[in-house]
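Enquirer: The whole structure should be built from the sequences, with the hints applied where relevant.
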Amino acid sequence: MTLCAIGVMEEYIQISGLYKTFQSHSGPVQVLKGIDLTVHKGEIFGIIGFSGAGKSTLARCINRLETPDAGNIKVGGVDILKLSKKELLKERRKIGMIFQTFNLFEAKNVYHNISYPLEISNVPRAEIRRRVLETAEMVGLADKLDAYPGALSGGQKQRVGIARALVNRPQLLLSDEATSALDPQTTLQILDLLKEINRNTGITILMITHELDAIRYSCERMAVLEDGRIIEVGAVRDIFSNPHSHTGALFARVYTEFQRTDMEYGSGI
Amino acid sequence: MSLLDTPLWEVIKGSFSPSIWERLTPAIWETLYMTALSSLIMLVFGLLLGILLTVTNPDGLLPVKFLYSASGWFINCLRSLPQMIMIILMIPVSRLFFGKSYGTNACIIAIAASCIPMYARIVESSLLEISKGKIEAAKSIGSTNLQIIFRILLPETLPSLIRGFTVAVIAVISMTALAGMFGAGGIGDIAVRFGYQRFQHDVLFAAVYVLIALVQLVQWIGNFTSKQILKKRKLI
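Top line first, the protein sequences correspond to chains A and B. Last residue of the first sequence: 1052 (this note's numbering), numbering continuous. Last residue of the second sequence: 258 (this note's numbering), numbering continuous.
Hints may be right or wrong, so weigh each one.
As the list claims (entries may be wrong) - List time: in silico DSS-like cross-link candidates among lysine-lysine, alpha-carbon distance up to 27 Å: (1) Lys927/A with Lys87/B; (2) Lys873/A with Lys154/B; (3) Lys869/A with Lys254/B; (4) Lys154/B with Lys869/A; (5) Lys254/B with Lys927/A; (6) Lys868/A with Lys249/B; (7) Lys868/A with Lys857/A; (8) Lys877/A with Lys249/B; (9) Lys122/B with Lys927/A; (10) Lys868/A with Lys87/B.
What the hints contain is simulated information worked out from the structure, not anything from laboratory work.
Expert: Shown next, in the form of structure tokens:
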């Protein structure tokens, strides 16, 4: 990014002191224990952690699908936690989200899945059509607009999810384990698509995942989340080669082991 | 003809006689009229009540504990009343609405009162089937609760809602048999008066044929519609 070259990165997401406790049958579970995080505008930022580390909860706090117990969240300068219900709905239209299980609307075809965010914003019909076609083109689904999600493959479904998330031209995309349910080849296609969109539109992407390759391939900076706390933040390169945390070390070890096996025995292709 | 003095086969043959069917035809129309109107009322209020239950559920879109407990309780109470008792209770209500406590319209009130809570529970059950992720996606897009209910919840669960409605309509049909209590006519009334009270079993058989055909038709329509929707969505 050009701003990066100058050395000045505008802060887009600013999280400080985030706490969240859930009530479970075995008692209260503190899932976020004081999160401080900064994500810069236009970057693809990765968050990695084991299951239960709090990754999804963190993502859901950013668009207030979950309400934290304490802390501050600012997205694009807007204090998310102080917004009224109405303002929150408006703000949510500036944040797109994609999911591991795609969460497409099976009653609607691809066209209407993508147009749904525009329909509820009362965008005029002609404009809707134009934007849907444009966004479908962007994700490579222009020929599948009449199809129903039930007939699509996993990769195609995620493309629809991405199109639906981006049709409002948001500034931020939250990717919650978006490639975790896809095979490696399709994962690569989706990551390529996200990188391309980031290049072309400058959208900020927060990539939450437990997949090492995804982070390594797409992210410049990352954070390691362990047991509700951010224990490492920095460039992907640095953390993978020299992790300071238990989780980071574990991930790095797994990664290098796979690399070594590949080199010794060939990747089998 | 009665089974008490005529062989079964004769009774069955006799049940196809034109005089019986002449008597039965107006009753069939009365049953259809009561079923259609009661089902329509049940559809509207059952849906609304079912949506209320689902939305005010503690895990729902807009948890309102008081409304959820109160409507749940109310529905449970109504469902506890046997249909006969409900009919008696509705007598003053029908007098209020229609000026008289007997007749087809009065019967419709009683059927609706009895079947609306049942259908509400069926609707609640269908709506709870929807995956939480879809609701999350709709919320993340910035949908209002009303938009989520009418543009996502209901369309997504439509096949299930149709199948549930089919079950409820059949319950309505069976309740129209009690219409005799109101002097409201209908096939069930014929079956009870002639078939049971006067031992005219040929009439009884004829009435049963019609009821079987009606229920089969309703079930078939429900299955067919639901299946067509699922096919269109490439879900089967």
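Enquirer: For each hint, tell me whether it holds in the structure or not.
Expert: Hint by hint, here is what the structure shows:
no.	hint	verdict
1	Lys927/A with Lys87/B	44 Å, violated
2	Lys873/A with Lys154/B	22 Å, holds
3	Lys869/A with Lys254/B	36 Å, violated
4	Lys154/B with Lys869/A	22 Å, holds
5	Lys254/B with Lys927/A	15 Å, holds
6	Lys868/A with Lys249/B	39 Å, violated
7	Lys868/A with Lys857/A	16 Å, holds
8	Lys877/A with Lys249/B	38 Å, violated
9	Lys122/B with Lys927/A	59 Å, violated
10	Lys868/A with Lys87/B	20 Å, holds
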